[in-house]
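J.: Letter by letter, the chains look like this.
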Amino acid sequence: MSHAAESAHDAPSILREVNPTPLPRATLVENNRSFGWITDKICGIIEGKTPTWWWVCFVVACFVASFTVAGLTYLVATGVGVWGHANPVNWAWDIVNFVFWIGIGHAGTLISAILCLLRQKWRTSINRAAEAMTIFAVVCAALFPVFHVGRVWFAWYLFPIPNSNYIWQNFRSPLEWDVFAVSTYGTVSVLFWYVGLLPDLAILRDRFTAAGNRLRGWLYGFFAMGWRGSNRHWSNYEMAYLILAGISTPLVLSVHTIVSFDFAVSLIPGWHTTIFPPYFVAGAIFSGFGMVLTLMLPLRAIYRLEDLITQYHIDCMCKITLATGTIVGYAYGMEFFIAWYGANPYEGFAFINRAFGHYAWAYWIMISCNVITPQFFWFKKVRENTTLVWVLSIFVNVGMWFERFVIIVTSLARDFLPSSWGYYSPSIVEIFTFFGTFGVFSVLFLLFIRFLPVMPMAELKAVMPQADPHGSGDAGHGASGRSH
Amino acid sequence: MAAGAPAAGRALVIGLAGIALTALGLLVSGGAKVAFSWLVALTFWGGIALGMLFLVMIHHIFDASWSVVIRRQFEHGLASFKWLALLFLPLVASVYFAPGAVWKWMNPAYDLAQVGGSGTVGEDVLWAKKAALLNPTAFVVITVLSFGIWIWLSARLRAASFAQDADGDLKWTYRNRVTAAFGLPLAAVTLTLAIVLWVKSLDYHWFSTMYGVWYFAGCVRAALSMGVLIMVWLWVRGDYRGVLNANHFHSIGQLMFAFTVFWAYVTFSQYFLIWNANIPEETFWYNLREMNSATGFANQWKWVGMLLLFGHFFVPFFLLLSYKRKLSRTQMPWVALWIAAIFLLDLIYNIWPSKKDGNGDALPFLQLHQVWTVTAVIGVGGICVWAYLRSFPTTKLIPIRDPRIGESLTYHESSAD
Chain A
925 MSHAAESAHD APSILREVNP TPLPRATLVE NNRSFGWITD KICGIIEGKT
975 PTWWWVCFVV ACFVASFTVA GLTYLVATGV GVWGHANPVN WAWDIVNFVF
1025 WIGIGHAGTL ISAILCLLRQ KWRTSINRAA EAMTIFAVVC AALFPVFHVG
1075 RVWFAWYLFP IPNSNYIWQN FRSPLEWDVF AVSTYGTVSV LFWYVGLLPD
1125 LAILRDRFTA AGNRLRGWLY GFFAMGWRGS NRHWSNYEMA YLILAGISTP
1175 LVLSVHTIVS FDFAVSLIPG WHTTIFPPYF VAGAIFSGFG MVLTLMLPLR
1225 AIYRLEDLIT QYHIDCMCKI TLATGTIVGY AYGMEFFIAW YGANPYEGFA
1275 FINRAFGHYA WAYWIMISCN VITPQFFWFK KVRENTTLVW VLSIFVNVGM
1325 WFERFVIIVT SLARDFLPSS WGYYSPSIVE IFTFFGTFGV FSVLFLLFIR
1375 FLPVMPMAEL KAVMPQADPH GSGDAGHGAS GRSH
Chain B
251 MAAGAPAAGR ALVIGLAGIA LTALGLLVSG GAKVAFSWLV ALTFWGGIAL
301 GMLFLVMIHH IFDASWSVVI RRQFEHGLAS FKWLALLFLP LVASVYFAPG
351 AVWKWMNPAY DLAQVGGSGT VGEDVLWAKK AALLNPTAFV VITVLSFGIW
401 IWLSARLRAA SFAQDADGDL KWTYRNRVTA AFGLPLAAVT LTLAIVLWVK
451 SLDYHWFSTM YGVWYFAGCV RAALSMGVLI MVWLWVRGDY RGVLNANHFH
501 SIGQLMFAFT VFWAYVTFSQ YFLIWNANIP EETFWYNLRE MNSATGFANQ
551 WKWVGMLLLF GHFFVPFFLL LSYKRKLSRT QMPWVALWIA AIFLLDLIYN
601 IWPSKKDGNG DALPFLQLHQ VWTVTAVIGV GGICVWAYLR SFPTTKLIPI
651 RDPRIGESLT YHESSAD
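As you go down the protein sequences, you meet chains A and B in turn. Count the first sequence with our numbering and you get residues 925 to 1408, in order. Count the second sequence with our numbering and you get residues 251 to 667, in order.
What the hints contain is simulated information worked out from the structure, not anything from laboratory work. Fair warning: this is a prediction, and the values are worked out from it, not measured in the lab. We put the beta carbon where it would ideally sit given N, CA and C, even for glycine. A couple of the hints might just be wrong.
What the hints assert, rightly or not - Partial list, computed: chain B residues near chain A (C-beta under 8 Å): (1) Ala351; (2) Arg406; (3) Asp453; (4) Phe457; (5) Met460.
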């Protein structure tokens, strides 16, 4: 039964008493900008001359990325022994960095898929860049497990491809599940990102063609796959987007769940704990939003995108960071509590050792960055200070790297056999390899900024008051959704 | 709208009758078994109230709009907390007058041979390590503190919301946001502590970090189910005609679907990680619910577990996938009732097997004592429904001055928030 039909008869007298107290919603695009302004603003980033800062950053990023190339080349040429793993810590830097990057890769799909399903329209200003970030983070994450197999040319053994060697993958290992989870996640993330790009690529095609740049016009046209903006195109697009959002939502949750299983299915004290799956997912969202803030705030300042990434957007991101950081804090607390309550001496030792052992410095960095830092976001004054928000977002990134380091290294360094206890320190090759991934990530992100629209223009326009068929001035909320 | 008064009276009579019948059980089955039934009833109705508390606070913290017209019913539901606290008193009294009857660790002299063990609780090294928490004083303090916090949060949320009906002042909206901001972590911590002490510690050797999250998931599912039942009841009565539209039903159905998946995710993760690690310190909790150690055969609880797997996940999952069903005012109450009933079964599954025989095996699921579970659920439920119906006529049907009430009344599927 439709709403109109329902309200037409028997409307109760209570409706005559309804008198909402005025409290306007925040606008999602400020200063009453037009559709044309948005197109010009976003396309202008791509069409304009390449700025000097971009070249400087690009060269620096390429230089930093070369550290990963050098580190991996040396590893392949020499063997995995060049990494600092030694008994009892036979698993450290590679898996720490894998989980760190894959966690960052969660925010993009979360913003695109889950916030889409939850009809959170504020996501439109940040979802494109966050999706790009996801893909680039997955690329960085994938490097570590692929190369940690040692003889990387045999990495394809991870896939259950029938072969004459009678190799049968260990399907009982969560590391094998990771292969499927991460590759599926990467594939769907690329698809999701690409589908969302189609209307915007067509705009760029038309603009470059009109400006006489036929090569770029052709290239954008090729990737726009013949998009003409017809009703049928939009209809198919909307359905595809919704289906991909539906598929991505369980995927985004499953990937980090399986990453948590890498540890939780084991018997290692500090790893085997039932809260790991939701705790890892919350941590991934936390770190993902930390990285989104780290990337979007400078982008906003450089390209003067304050009308599109408003204070309201920053508020929302800060609040999600606060909420997920607090959930992570709850999980830390529960782990500690159950380590005591469980009365298992090994579990108890593992947690006492984390907080007061040789790696206590790492533990307290983790607690400070992941539990204390986000609490600053309770305060409006902090959220309104973009420089401070950016600095705090860096702390979140640092803290989440240390979380993985603490979980993995502290439990292994003090195993069941005291005579084998050790202290893990990364080798210079490991440090170079990880440091370089920031360059790899930055190179990809800079290329994205330069050649692809950093925001979904069509989606942005749909949340503006002008898109509201009822003419509501209540920007962002009177609009009839994602009906472009 | 004032028709709540006679209905409230009926609910009170039913509640008191249920309590009286449960009291009769003391003579038939003994205090310990009745206390287990009473605990099931309190964690069931308390869970619904807690779920409503979380939903109201989540509503405020998100500045949500579509749920404004439903929120008022949850606020009425919060009126039950003080009565639940009162109804919890017999269990608190058992701490002093019958220690060990429900929670063995209350009595260090408890002979563990009665439940297939050896020695006394006081000689049990695992209890000794946890004694700082598992002792009568901590139990009473945490119980009082938890109920105190829930009652206080509920009172703040209700008072501000009701006051806004009269003066339309925005300060009430802001006050509720602040209450929700500090209330959510407070409620999360107290819920966890309460369920650890009340239920998990029944088998005090067992532990799981997921337990608080499991109870939270169940509470919200049950509260949403109760929300659907109230929505349909008020719709049929005519109060909600012209107020609710199809999209409100669709959205609450979507939330039920989301929490169905969340519950399954949490429950599966807990089971899977314990099964896979296969550590006896953890697996015994599930073994107790699968087989009889004396015979080696599957016990009745195994089939309850299977029913939970299919009934608490697969059935509602497939039922709630349907868009049309979520809009159906004839089918959704049945789905809601089913979820609420299975939440009750889930609690029975978590609580009752801790009542063991001399071999250390769980008492069978189907026995006379489950009658007292039914009467206790009816008794406590009657009081909770009475508290709701008593609160119902004291305010407007919907928050008429809420800043988002307009958006809620005109809510359509593609609206934001």
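J.: All hints, please: hold or fail.
T.: Hints, verified against the model:
| no. | hint | verdict |
| --- | --- | --- |
| 1 | Ala351 | violated, 23 Å |
| 2 | Arg406 | violated, 18 Å |
| 3 | Asp453 | violated, 12 Å |
| 4 | Phe457 | holds, 4 Å |
| 5 | Met460 | holds, 4 Å |
Of the numbered hints stated above, those contradicted by the structure are hints 1, 2 and 3, listed in ascending order.
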